[in-house]
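Take these sequences, add in the hints, and give me the full structure.
Protein chains in written order, with the working numbering: chain V, 1 to 442; chain L, 1 to 185.
Where hints are given, some of them may not hold.
Counterexamples of contact, computed for chain L against chain V with all Cβ distances above 10 Å [what the hints assert, rightly or not]:
1. Gln135
2. Glu160
3. Gly180
Stretch by stretch, here's where chain L covers chain V in the computed footprint (C-beta under 8 Å, at least three residues) [claimed, not checked]:
4. 341-355
5. 380-389
6. 427-436
Derived lysine to aspartate or glutamate pairs resembling EDC-like cross-links, with alpha carbons at most 20 Å apart [stated by the list, open to error]:
7. L/Lys105 x V/Glu436
8. V/Lys119 x L/Glu3
9. V/Lys119 x L/Asp62
10. L/Lys52 x V/Glu172
11. L/Lys52 x V/Asp154
12. L/Lys105 x V/Glu434
13. L/Lys105 x L/Glu178
It should be emphasised that the hints constitute simulated quantities derived from the structure, not laboratory data.
None of these values were measured; they are calculated from a predicted model.
Ideal Cβ positions, reconstructed from N, Cα and C, are used throughout, including at glycine.
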Amino acid sequence: MSRPIQVRDPLHVFVEVAAAERLVFDCPAFQRLRHIHQLALCYLVYPGATHRRFEHSLGVMELASRIFDVVTDQGNLTDQARSIVPDDPHKLHYWRQVLRVAALCHDTGHLPFSHAAEKELLPAGTSHESLSEAVVRSPQMLQVWKEMKLDADDIVALANGPADETPLGPWEAILSEIITGNVFGADRIDYLLRDSLHTGVAYGRFDHHRLIESLRILPPAPTGGTDAESSVEPTLGVTAGGLQSAEALVLARYFMFSQVYLHRVRRIYDIHLKDFLQAWLPDGRFSLELDDHLAMTDNEVNAAMSSAARDPAAPGHVHAARIAERKHFKTLYKPTASDVERNAAGAKQLHDAAVAKFGAEEVRYDRYSKDGGSNVFPVVERDDRVVASSGASDVLGRVPTAMSHYVFVSRERYTEAHAWMTTNLQDITAPRAEDEDLEEGQ
Amino acid sequence: MTESRRAALVAQLVERLRAHESWAGETHVQKSTYVLQQLLGVPMGLPFQLYKFGPFSFELRDLLGQMRSLRQLEMELQPYPYGPKLTVGPGAPQLQTRFPKTIRKYGAAVDFVASEVGPLGVGSLERMATALLVQIESPDAGAREQAARLHAYKPHVSVEQAVEALGQVDQLAGRAQEAGVTLAA
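Put into structure tokens, the structure is as follows:
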């Protein structure tokens, strides 16, 4: 058997990989993550953002283990939490190991350049989680799980979390939340800190040591009303002493979305990349065959893009050249808050009108908001009362939702398009009744 | 159904929930929408799966986030120690302008759900929505078998509570039929 190793990491200093875990660490599906950029083409905007899913996955394993150790510590368990946490040390050890390998594997299904345009580039109804599951259930990995005495179903359930449609019991749901949770998941904590470090955008930093030490398994926050009965299904929350570090995480996320993930130039590069891939890939989509998936990394796409940028006859040449020569589309319109209040569909109406005027190849539309978790989680006070974070914090309920909302136009048509827009904006973006197909099934 | 039309119905639902004095937190909107779609047949096309507090739609969660960013919905903070309520924002009225037929067609169903489901607490909502999910998953199973399944999914819900929740769903379906708001079997 291989020996344990300690991997140096810029965030966590050392990440220890146990001897048995080397079977996962050394497998091609995990090593492939060395060649998948964490933030797609974001390095064209933030040159330092060249980090990969490989080190992020190691970081998630490290943080998930730390969270596990804190929330299952006997001194940190409420009576209710004690009812779901296994009291058999062997079972607890088993689940800790499942959690660690699930954290390692949770991103193995990522397409080249990570999230960029996953919806458009995979068959309908599939996602990178489908591919992660295929990796975990591959013959090679099943042999690994056999040697480690782990159940592949458990690994899939924790790695994919809610994306796996098999209902999770309360304990498995907590473990999955430790990796993929919307507020305190190790995935989120690691990517915010790591992306902040590599982009040089310091707003993404927060005191994750304090945060992790304050995490607890708690009943949900109370609601009021005539029937104020709450569920007792447990979830992750924090002690009152950890509230400020949780606030800092939520703010960090808002700033990272505003500054980095939804940066206008990053968004248009993602669109150009999607356009290139749709032109270059057979049938415009990535294959779901496992061997094809493992053989396809950012390296293959970059080589194809570089070649296509030089060859006008190559599929996707125009899009590849825009990326290679930094001739990305420019922002024609970004609605203000009052524009959106007047008509949230105004930007789309402007896009449609611009397409009619200048042609579909000259205009792109982008609207994306970060997922809608509301940052409400339970907080346990010093007298053991459990309260809602939004009531206990003056900050959490007021953090806005970051959004990307743009109409882009080619730089060759920008001046003309801008003049046209300035003349016609009010008319084009006025609210109007939309087509409503109310046939059966609508 | 397009995302914008879904948003129009969700805004309508939140407005009706508040009118019927529901707490109107995110769980209320999730479970009310599940009943609207799965029991009354309003074709919102949202995928739901069993998760925390019963059936849950991640697409709906993202839609709520998007609606907040478009100021179609807002979070209304509540006094300590309670969680927030949702309320319609200044961007909501435009949805009625854009989708009048949709709101007219499904408005009665939305109001029925808001009045029947909205006033429940999160614990009751969890039991009732999970009971509906179990009935959909195993329509031919007897009540005891369905109750056992619900208990297996949510061990903190006793079998007796599960039986009661299954009965509540049957009664709700009956009242929906009487009110003429059921669009599909």
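Taking the hints in turn, this is what the structure says about them:
1. Gln135: 15 Å, holds
2. Glu160: With a cut-off of 10 Å, glutamate 160 of chain L remains clear of chain V, as the shortest Cβ separation is near 15 Å.
3. Gly180: 18 Å, holds
4. 341-355: holds (count 5)
5. 380-389: With 4 residues in contact (Cβ-Cβ under 8 Å with chain L), the coverage given for the segment 380-389 of chain V holds.
6. 427-436: holds (count 5)
7. L/Lys105 x V/Glu436: 11 Å, holds
8. V/Lys119 x L/Glu3: This hinted pair holds, its Cα atoms lying about 15 Å apart.
9. V/Lys119 x L/Asp62: OK: lysine 119 of chain V and aspartate 62 of chain L at ~15 Å, within 20 Å.
10. L/Lys52 x V/Glu172: 11 Å, holds
11. L/Lys52 x V/Asp154: OK: lysine 52 of chain L and aspartate 154 of chain V at ~18 Å, within 20 Å.
12. L/Lys105 x V/Glu434: 15 Å, holds
13. L/Lys105 x L/Glu178: Roughly 18 Å separates the two Cα atoms, so the pair holds.
The structure agrees with every numbered hint stated previously.
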